[in-house]
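Participant: Now for the letters of each chain:
6 protein chains.
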Amino acid sequence: MFIHIVFLLFLLSSTSHATVQDFCVADLKGADTPAGYPCKPPANVTSDDFVYTGLAEAANVTNIINAAVTPAFVAQFPGLNGLELSAARLDLGPSGVIPLHTHPGANELLIVLQGHILAGFISSGNIVYQKVLKKGELMVFPQGLLHFQIAVGKRKALAFPVFSSANPGLQILDFALFASNFSTPLVTQTTFLDPDLVKKLKGVLGGSG
Amino acid sequence: MFIHIVFLLFLLSSTSHATVQDFCVADLKGADTPAGYPCKPPANVTSDDFVYTGLAEAANVTNIINAAVTPAFVAQFPGLNGLELSAARLDLGPSGVIPLHTHPGANELLIVLQGHILAGFISSGNIVYQKVLKKGELMVFPQGLLHFQIAVGKRKALAFPVFSSANPGLQILDFALFASNFSTPLVTQTTFLDPDLVKKLKGVLGGSG
Amino acid sequence: MFIHIVFLLFLLSSTSHATVQDFCVADLKGADTPAGYPCKPPANVTSDDFVYTGLAEAANVTNIINAAVTPAFVAQFPGLNGLELSAARLDLGPSGVIPLHTHPGANELLIVLQGHILAGFISSGNIVYQKVLKKGELMVFPQGLLHFQIAVGKRKALAFPVFSSANPGLQILDFALFASNFSTPLVTQTTFLDPDLVKKLKGVLGGSG
Amino acid sequence: MFIHIVFLLFLLSSTSHATVQDFCVADLKGADTPAGYPCKPPANVTSDDFVYTGLAEAANVTNIINAAVTPAFVAQFPGLNGLELSAARLDLGPSGVIPLHTHPGANELLIVLQGHILAGFISSGNIVYQKVLKKGELMVFPQGLLHFQIAVGKRKALAFPVFSSANPGLQILDFALFASNFSTPLVTQTTFLDPDLVKKLKGVLGGSG
Amino acid sequence: MFIHIVFLLFLLSSTSHATVQDFCVADLKGADTPAGYPCKPPANVTSDDFVYTGLAEAANVTNIINAAVTPAFVAQFPGLNGLELSAARLDLGPSGVIPLHTHPGANELLIVLQGHILAGFISSGNIVYQKVLKKGELMVFPQGLLHFQIAVGKRKALAFPVFSSANPGLQILDFALFASNFSTPLVTQTTFLDPDLVKKLKGVLGGSG
Amino acid sequence: MFIHIVFLLFLLSSTSHATVQDFCVADLKGADTPAGYPCKPPANVTSDDFVYTGLAEAANVTNIINAAVTPAFVAQFPGLNGLELSAARLDLGPSGVIPLHTHPGANELLIVLQGHILAGFISSGNIVYQKVLKKGELMVFPQGLLHFQIAVGKRKALAFPVFSSANPGLQILDFALFASNFSTPLVTQTTFLDPDLVKKLKGVLGGSG
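Residue numbers (the UniProt record's numbering), protein chains in the order written: chain A, 1 to 209; chain B, 1 to 209; chain C, 1 to 209; chain D, 1 to 209; chain E, 1 to 209; chain F, 1 to 209.
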């Protein structure tokens with residue numbers, strides 16, 4: 001029955017090899033575009049391009065927030081290029097805090113793996129939606145809205161947020177205000193915070209201007 | 001030459017009337033969907049559905065920020081439904097300020113029409129891009145990033161921002177923090193602001209929790 | 001400084017409440033559309049709409065494949081509607097297998113949480129990309145391509161796949177061929193499998209035709 | 001080997017039945033949305049929903065243009081809803097002409113099946129790209145640009161254009177100008193055509209105003 | 001409280017600098033792609049990249065249509081690349097006319113800033129939707145449909161149209177027909193206009209063929 | 001009336017030439033991106049770039065399946081780049097079969113031109129939707145689902161499938177399983193097919209591993 005099927009092999013698959021773009025592993029040395037990076041030549045692609053091991057180890061959380069964010073965006077994991085997905089790892093020590101932040105370019109789905117995490121976001125209508133999440137529970141944060149995660153109780157916590165873009169972005173509110181070159185008079189005018197407070201925080205976080 | 005062309009009229013256009021959706025004016029009484037509102041029946045659509053006059057008049061700016069934002073989003077201007085565009089009107093008195101805010105769902109292009117406006121945004125990399133804009137000048141603010149506008153000098157100012165969505169959203173930082181039900185301990189934990197300051201601002205702006 | 005800012009509150013936020021669609025929690029009783037379900041009225045939305053607890057417990061894997069898939073798609077987790085994200089839980093007993101399958105509507109990013117999982121996909125060019133993944137490692141599977149996961153070693157395994165759509169779909173190859181109403185002659189003609197084998201598998205899996 | 005696989009059947013496929021939206025056959029009685037019509041309940045969908053026979057017969061071309069266009073858009077073929085594809089049938093008698101027209105909502109790929117067709121489009125840069133196409137040849141027309149098809153020689157011709165939308169739209173230039181309620185003074189002002197000519201063509205094609 | 005927060009600075013923001021693409025200012029020397037131009041290296045981007053001053057001055061309208069269109073598309077304003085927005089400036093002298101035209105790649109929202117403008121579009125169903133717009137009023141024109149703007153009364157007029165694409169395109173009907181290389185016999189066949197008229201208009205507008 | 005209109009020509013069209021991207025003919029020597037290939041310089045584009053003649057001739061079907069697929073995807077027809085459309089030609093001898101396959105990246109609309117074709121697809125819910133199609137009839141296959149075409153009766157058949165992407169992909173089930181480097185133990189584990197059968201088919205189709 002299959003004696004001559006080898007003819008088929010040449011007929012169909014010879015063309016399909018050249019024409020199909022199933023994936024577009026990023027060539028990070030090429031210039032980015034609005035749709036992502038140019039593709040690595042398919043012939044050079046290996047299984048390793050689709051695998052990322054950089055989130056396997058816990059990050060050091062011996063810092064003021066008792067927490068760390070480790071990204072697996074397209075810049076770290078080029079196989080995500082064009083696939084509208086990415087991930088990160090959140091390590092939180094006891095009472096660790098991921099401060100208020102937004103992802104300008106993606107929705108987020110948080111998967112809690114260890115500990116208890118109080119997570120929440122603030123809507124455009126100024127309503128806070130928040131919940132304490134346990135192991136195996138999920139919470140979704142719509143794109144561009146301020147949100148936070150806090151380890152509750154005395155245990156450390158672990159979560160993997162995933163994103164609807166290979167390049168979700170990350171704007172941390174305190175850094176935008178106090179670790180940037182946003183001048184103190186402008187911060188004051190656009191937030192109504194006290195100039196002395198702004199200067200103090202900029203001193204700590206390294207802001208200028 | 002055109003004697004029998006009337007036949008064509010029936011042949012072609014009789015079908016095209018029923019089948020074409022050039023536009024989808026929102027029926028705001030219908031349930032919204034992720035792609036927008038259901039369409040008003042085409043037979044009920046008139047020229048007025050594509051026109052909006054609600055931005056023609058200057059808004060009252062006798063308030064603490066000497067400024068006002070008047071939106072022409074899909075909820076005000078149903079003809080925008082599904083068209084990936086909307087607008088607003090910014091009125092700024094002398095030294096008027098539009099405080100730090102984001103549009104979670106759209107990029108913004110600001111068209112300055114009167115006065116001098118200092119406008120800027122903060123990138124994910126914590127760099128401020130800002131410029132004083134004069135009449136007829138444009139500035140673009142990428143989606144989801146914190147930005148602001150301030151009237152400079154002693155003159156009032158006017159600008160029309162336009163957006164890449166019929167429903168761009170608007171999250172005002174001070175309102176998210178201090179006019180919401182975001183509890184003082186959580187604001188403090190996720191921003192490092194002083195609890196006394198947070199309570200004071202919540203008192204003024206009406207926040208609870 | 002903030003004495004009169006309450007004016008601002010009314011000026012800006014009164015309009016923003018009505019106009020902003022930050023999210024569109026599915027009303028599953030409404031008719032689906034190509035972009036997702038109609039939105040639940042925002043006034044009825046609570047924090048619980050953004051949280052899903054149905055993946056917290058391990059599924060029963062006492063079946064022939066020693067494995068189970070538990071979905072958290074929009075039908076289970078309505079808060080995902082329109083957000084281009086979803087998740088599932090893979091429980092694998094020792095040597096458990098998730099048979100060859102595709103997701104017609106989404107890319108997949110697999111996060112391995114326990115055990116060792118051999119995962120792989122087959123490209124249009126008939127190349128298999130596969131790898132043994134350990135705890136905390138990620139692998140991405142481009143949309144629509146056949147892929148599989150197998151627990152290797154004598155330990156059970158756990159993974160959370162996430163998807164670039166709230167409704168990724170799931171076509172399991174064996175079910176499509178042998179648990180459907182796909183007639184034996186047609187299966188045979190379109191796969192070159194032996195009719196006796198097809199009949200036997202249909203008997204086991206419940207296929208008809 | 002497959003003795004207990006029936007367990008798997010219940011485990012996996014019971015959930016997948018309810019959750020998967022592979023398609024969204026239009027319920028044309030429901031209100032349209034920017035993304036298409038609401039879906040017919042999946043349980044009522046049959047094979048016939050995915051098939052359209054309305055292009056099988058040649059249309060009558062005994063009219064002034066010796067030609068006819070028969071659409072298979074979503075309004076005729078509800079199975080196309082949400083699938084970003086549609087088709088039409090062009091019948092051209094000898095020297096038949098499909099007059100200048102645009103599809104505001106889709107790119108077009110023309111497949112010539114019989115006869116010789118001179119087809120072309122005009123770019124924004126005012127360059128005409130045109131070619132005589134024979135049986136089995138294809139030509140692509142980018143979205144929104146004026147284009148035409150003419151049967152050349154003494155033979156009739158047949159072609160199937162396909163579109164990158166289920167609802168591509170069709171604006172025929174002569175009808176827009178002379179079969180609409182576009183007033184003669186406005187046609188004249190916006191096209192520089194002579195008022196007498198405009199009135200004459202409106203008389204023939206049925207325009208008003 | 002913030003003594004050690006400097007640790008956080010290194011922990012989080014060192015990675016975020018490299019990985020985030022908030023914007024993609026066009027490198028116009030690079031090859032365009034279907035999604036836009038490649039990005040200028042982020043380190044070379046300055047505030048000026050997000051600002052465009054080329055629409056600030058009125059254009060000369062001493063021409064036959066008493067009008068001028070000045071574009072701020074991605075080719076003029078590279079900061080718009082990938083942001084799905086652009087703008088233009090319409091200057092109209094008394095009775096100035098922007099002739100019938102389409103934007104093949106974008107919806108348009110017109111903002112009238114001075115004078116009275118009669119604006120309208122023709123639907124696929126051959127219905128004209130038109131209105132006289134005053135200062136501060138908006139009108140929306142769906143993608144790909146013929147539309148026009150005319151200054152009414154004895155005053156000059158000014159408007160800023162904005163578009164839902166950084167590259168909306170512009171096909172002016174008279175130019176497509178009479179300023180292109182579209183041959184007179186083909187214009188005649190596909191529009192039913194008189195050959196003598198076509199030749200005359202081509203003579204004036206510079207068409208060939 | 002048109003004496004001075006030549007002024008207009010310079011005013012408007014001089015800018016529009018440079019700025020408009022109506023199309024993006026692929027430069028196949030450039031690196032692909034997630035949105036397609038870089039564009040050939042517009043000045044080098046000719047009518048031939050929009051035309052493809054490679055589907056005009058019947059393919060040889062003297063092979064085991066009595067059938068052949070000839071693609072006109074972007075790799076063969078660069079003018080399709082970015083236009084979300086492509087096509088192919090199916091030649092089927094008497095009883096010819098296009099075996100079960102998927103297009104991971106596109107929906108398909110099949111246009112039958114000759115003979116009788118039994119076509120069908122299998123949904124995620126394991127339901128087969130199938131029909132015998134005659135000349136001029138259409139059937140649509142949603143993205144990523146297994147489907148097939150078979151010439152019924154003693155006549156040969158011809159069809160043109162079209163796709164909602166310039167790069168739809170093609171995964172043929174038998175090739176994925178038996179013509180790839182998918183190892184026999186893994187095929188067996190993930191499909192429940194018998195190892196002897198798998199080895200036999202791999203021998204015929206050239207699979208390894």
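Calculated directly from the structure, the hints in this document are not laboratory data.
It is possible that some hints are incorrect.
To give an idea of the interface, some chain B residues facing chain C are shown, with a C-beta separation under 8 Å as derived from the structure [said to hold, decoys possible]:
no.	residue
1	Thr33
2	Gly54
3	Ala56
4	Ala58
Using 30 Å as the maximum straight-line C-alpha spacing, the simulated DSSO-like pairs for lysine-lysine come out as follows [claimed, not checked]:
no.	chain 1	residue 1	chain 2	residue 2
5	C	Lys156	A	Lys134
6	E	Lys154	A	Lys29
7	E	Lys134	B	Lys135
8	C	Lys200	F	Lys200
9	E	Lys135	B	Lys135
10	C	Lys154	F	Lys199
11	E	Lys154	B	Lys135
12	D	Lys154	E	Lys131
13	C	Lys199	F	Lys199
14	A	Lys29	F	Lys29
15	A	Lys135	C	Lys156
16	B	Lys154	E	Lys199
17	C	Lys156	C	Lys134
18	E	Lys29	D	Lys199
19	E	Lys135	D	Lys199
20	B	Lys135	A	Lys199
21	A	Lys156	C	Lys29
22	B	Lys135	E	Lys156
23	D	Lys134	F	Lys199
These numbers come from a predicted model, not from an experiment.
Virtual Cβ for every residue (Gly too), placed ideally from N, Cα, C.
Participant: Please go over all the hints and tell whether each is borne out by the structure.
Facilitator: Hints, one by one, checked against the model:
no., hint, result
1, Thr33, "holds, 5 Å"
2, Gly54, "violated, 11 Å"
3, Ala56, "violated, 16 Å"
4, Ala58, "violated, 13 Å"
5, C:Lys156 with A:Lys134, "holds, 22 Å"
6, E:Lys154 with A:Lys29, "violated, 58 Å"
7, E:Lys134 with B:Lys135, "holds, 19 Å"
8, C:Lys200 with F:Lys200, "holds, 19 Å"
9, E:Lys135 with B:Lys135, "holds, 16 Å"
10, C:Lys154 with F:Lys199, "holds, 27 Å"
11, E:Lys154 with B:Lys135, "holds, 24 Å"
12, D:Lys154 with E:Lys131, "violated, 47 Å"
13, C:Lys199 with F:Lys199, "holds, 20 Å"
14, A:Lys29 with F:Lys29, "holds, 17 Å"
15, A:Lys135 with C:Lys156, "holds, 18 Å"
16, B:Lys154 with E:Lys199, "violated, 59 Å"
17, C:Lys156 with C:Lys134, "holds, 12 Å"
18, E:Lys29 with D:Lys199, "violated, 49 Å"
19, E:Lys135 with D:Lys199, "violated, 33 Å"
20, B:Lys135 with A:Lys199, "violated, 33 Å"
21, A:Lys156 with C:Lys29, "violated, 40 Å"
22, B:Lys135 with E:Lys156, "holds, 18 Å"
23, D:Lys134 with F:Lys199, "violated, 46 Å"
Hints 2, 3, 4, 6, 12, 16, 18, 19, 20, 21 and 23 from the list above are not met by this structure, while the remaining hints are.
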